[in-house]
Amino acid sequence: MKSKFKKRDLTALFAGIIIIVLLNFVSGLTFRRLDLTAEGRFTLTQPTIDLLNDIDDAVTIKVYLDGDLPAHFIKLRNATRDMLDEMRAFNGNIEYEFIDPSENPIKKEREKIYTQLAKKGVKYTVHDTKKEYYIFPGALITYKGVDIPVELLQVQNGLSKEAMCYNSINNLEYQFSNTFRKFDIKDKPKIGFIKGHGELGEMETDDIRTSLGEYYTVERVNIGGKLNSLVERGKDAEDTNKVVVKPKYTAIVIAKPDSAFTENDKFIIDQYLMYGGKIMWCIDNVYANMDSLQANPSTIAFPMQLNLEDMLFRYGVRINTNMVMDLNAAPIPVVTEMVDGKPIQNLFPWYFYPIALPTSKHPIVKNLNGIRMQFANTVDTVGSNPQVKSLCYCIPLNTHAI
Amino acid sequence: MTALISKEIRSFLSSLTGYIVISMFLLLTGLFLWVFPGESNVLTGGYSTIEPLFVIAPWVFTFLIPAITMRSFAEEKRTGTIELLFTRPLTDYQIIWAKYLGAFALVIISLLPTLIYFYTVYQYGNPKGNIDTGATWGSFIGLLFLGSAFTAIGLFASAVTENQIVSFILAAFLCFIVYTGFDSLASLTNWGYAENFIRNLGINEHYISVSRGVVDSRDLVYFLSLDAFFFLLTATRIKSRKW
Numbered sequence: 001m002k003s004k005f006k007k008r009d010l011t012a013l014f015a016g017i018i019i020i021v022l023l024n025f026v027s028g029l030t031f032r033r034l035d036l037t038a039e040g041r042f043t044l045t046q047p048t049i050d051l052l053n054d055i056d057d058a059v060t061i062k063v064y065l066d067g068d069l070p071a072h073f074i075k076l077r078n079a080t081r082d083m084l085d086e087m088r089a090f091n092g093n094i095e096y097e098f099i100d101p102s103e104n105p106i107k108k109e110r111e112k113i114y115t116q117l118a119k120k121g122v123k124y125t126v127h128d129t130k131k132e133y134y135i136f137p138g139a140l141i142t143y144k145g146v147d148i149p150v151e152l153l154q155v156q157n158g159l160s161k162e163a164m165c166y167n168s169i170n171n172l173e174y175q176f177s178n179t180f181r182k183f184d185i186k187d188k189p190k191i192g193f194i195k196g197h198g199e200l201g202e203m204e205t206d207d208i209r210t211s212l213g214e215y216y217t218v219e220r221v222n223i224g225g226k227l228n229s230l231v232e233r234g235k236d237a238e239d240t241n242k243v244v245v246k247p248k249y250t251a252i253v254i255a256k257p258d259s260a261f262t263e264n265d266k267f268i269i270d271q272y273l274m275y276g277g278k279i280m281w282c283i284d285n286v287y288a289n290m291d292s293l294q295a296n297p298s299t300i301a302f303p304m305q306l307n308l309e310d311m312l313f314r315y316g317v318r319i320n321t322n323m324v325m326d327l328n329a330a331p332i333p334v335v336t337e338m339v340d341g342k343p344i345q346n347l348f349p350w351y352f353y354p355i356a357l358p359t360s361k362h363p364i365v366k367n368l369n370g371i372r373m374q375f376a377n378t379v380d381t382v383g384s385n386p387q388v389k390s391l392c393y394c395i396p397l398n399t400h401a402i
Numbered sequence: 001m002t003a004l005i006s007k008e009i010r011s012f013l014s015s016l017t018g019y020i021v022i023s024m025f026l027l028l029t030g031l032f033l034w035v036f037p038g039e040s041n042v043l044t045g046g047y048s049t050i051e052p053l054f055v056i057a058p059w060v061f062t063f064l065i066p067a068i069t070m071r072s073f074a075e076e077k078r079t080g081t082i083e084l085l086f087t088r089p090l091t092d093y094q095i096i097w098a099k100y101l102g103a104f105a106l107v108i109i110s111l112l113p114t115l116i117y118f119y120t121v122y123q124y125g126n127p128k129g130n131i132d133t134g135a136t137w138g139s140f141i142g143l144l145f146l147g148s149a150f151t152a153i154g155l156f157a158s159a160v161t162e163n164q165i166v167s168f169i170l171a172a173f174l175c176f177i178v179y180t181g182f183d184s185l186a187s188l189t190n191w192g193y194a195e196n197f198i199r200n201l202g203i204n205e206h207y208i209s210v211s212r213g214v215v216d217s218r219d220l221v222y223f224l225s226l227d228a229f230f231f232l233l234t235a236t237r238i239k240s241r242k243w
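Protein chains in written order, with our numbering: chain A, 1 to 402; chain B, 1 to 243.
Treat the hints with care, since some could be wrong.
[Claimed, not checked] Calculated lysine-lysine pairs in the BS3-like style (CA-CA distance at most 25 Å, straight line):
(1) A/K4 / B/K7
(2) B/K242 / A/K6
(3) B/K239 / A/K7
[Stated by the list, open to error] Computed footprint of chain A on chain B, listed as stretches where at least three residues anywhere in the stretch have a Cβ under 8 Å from a Cβ of chain A:
(4) 1-14
(5) 128-134
Derived from the structure by calculation, the hints contain no laboratory data.
Computed from a predicted model, the values in this text were never measured in an experiment.
Ideal Cβ placement from N, Cα and C applies to all residues, glycine included.
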């Protein structure tokens, strides 16, 4: 009689355990997510979904991150698979496979595959230096006969591989949607960097021009009083007989000029704006430089005299000739002591490099962290133009304008 | 059954145990988060986050939850009151459920005041409200799951012995093993493909995953399975008196 209970209870126990194991196995095959973050960090954003819906042909994604990997790379691989699964849910044209490039035990064969991948632009990182294994944290996306490599691992200096993998997991959606976007671009819109008033040169703008170059054609323009420098005559889109004035560039950038704009140039810029152009003004209204502080304990800041005040005032903005000091500031290295004749540097907040926190939901600043500014000026909005919006601000309590 | 649950909660709150557990938990987390200087200090940390709470709390729970659950079966068995309980018109599962909910209620009660930490950092954020709300709620949910798993483990440890001390030590050990033991095991040698599987057996992996602010169905199933697994063990152990 007694053994009957025992048999029954033990059967129930083992049946229960088997059910639990099966349940976990099944749940591993598919997944649903409840995203708690305010900005929907783990949900595909609308622009990505739109991009996915635009895909009308088969997309093959070959992910080369597979095989015998360190744990953090396995996490990155799993996150990649989850991301691709989620994307597949929106568009069945997406097909993916995971390939282990180090599968072949023969070193020569392996190296052949490595070189092929490197040629196609998939970046690698060393896994095991002794056995000469490499990890390819990348993928190749093939769409309509074109291969484009995607980097899954974002390399950041000074970070461990673990931290890089974690950061990269949060960036996967951007990496993929960015690549899908590249397939979509037919005519790159043009962006003009204005020169001729002491604006930043080739060297200083190289980084941003390279980044923009993926989506835009970037040129440098000298206005020089020429009427056709920013606008051109072209045929109207609807009525081909009509000749209209169109902006040559989708946007122009005026980056840190240091000399005055002539009235002619101002007129041309204004006309460009009136015909539908967009301008990004990056203006320092006060001259102040760290270079002069390297040698001297003090420096003199003076107004730039750009002759733009009236123009910006009409647009609804006044850039004041002052400087912002803020307790919430970026640090700079300062030599504090000498040890064995070597200088020891420590970081101190430099109040003239305020860190402004974006408060607006505007696409320009949305989800950005604090923005470091160097010798920033305060900007007043003037008039009642409803289009004028401020994007960032410093906490008034800590801020001090001089 | 409700009577039994309320009896369990009352027995915690009418004795010193409940209050000591709650105040110990709040004292420890409070000191580490707001008073003691160091990495886990929120005020000097410079970031508007209460993440250190979710690092410390599992460790505190490793000892406090076994302290809550150690008497539930062990004490009743030692004093013989368990026989009274069994004569009641309750199934074994109902008794375990009641004990479980009673202990888990105490975990929830001790967690509730930490919402003040969240509110404080929310108010002090620059600008106000600048805290990763999603990750914080995710971490709270993760902590609740972790607490529920520890409670189930503690109940099992209490059911296998008549001695409270043995039950406490066994439960603390099991909690520790299930929480980080699998992680340590996974990094012991090169397991190859099995490494991730071993890691996924432990709580830590799933706890971190939920802490990011996303409740994944796989993590949910894992935590519920863990509870169910120790429930089954406890139930089998209780039923084995008839063997």
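Comparing the hints with the structure gives:
1. Restraint check: the Cα-Cα separation between A/K4 and B/K7 comes to about 34 Å, which exceeds 25 Å; the hinted pair is violated.
2. A C-alpha spacing of about 8 Å is found between B/K242 and A/K6, which places the hinted pair at or below 25 Å, so the restraint holds.
3. At roughly 11 Å between alpha-carbon atoms, B/K239 and A/K7 fall within 25 Å of each other, so this suggested pair holds.
4. A stretch counts as covered by a chain when three or more of its residues have a beta carbon under 8 Å from one of that chain; for the segment 1-14 of chain B and chain A the count is 0, and the coverage is violated.
5. Using a Cβ-Cβ cut-off of 8 Å, 4 residues of the segment 128-134 of chain B lie near chain A, which meets the minimum of three, so the contact claim holds.
When held up to the earlier numbered hints, the structure conflicts with 1, 4 and fits the remainder.
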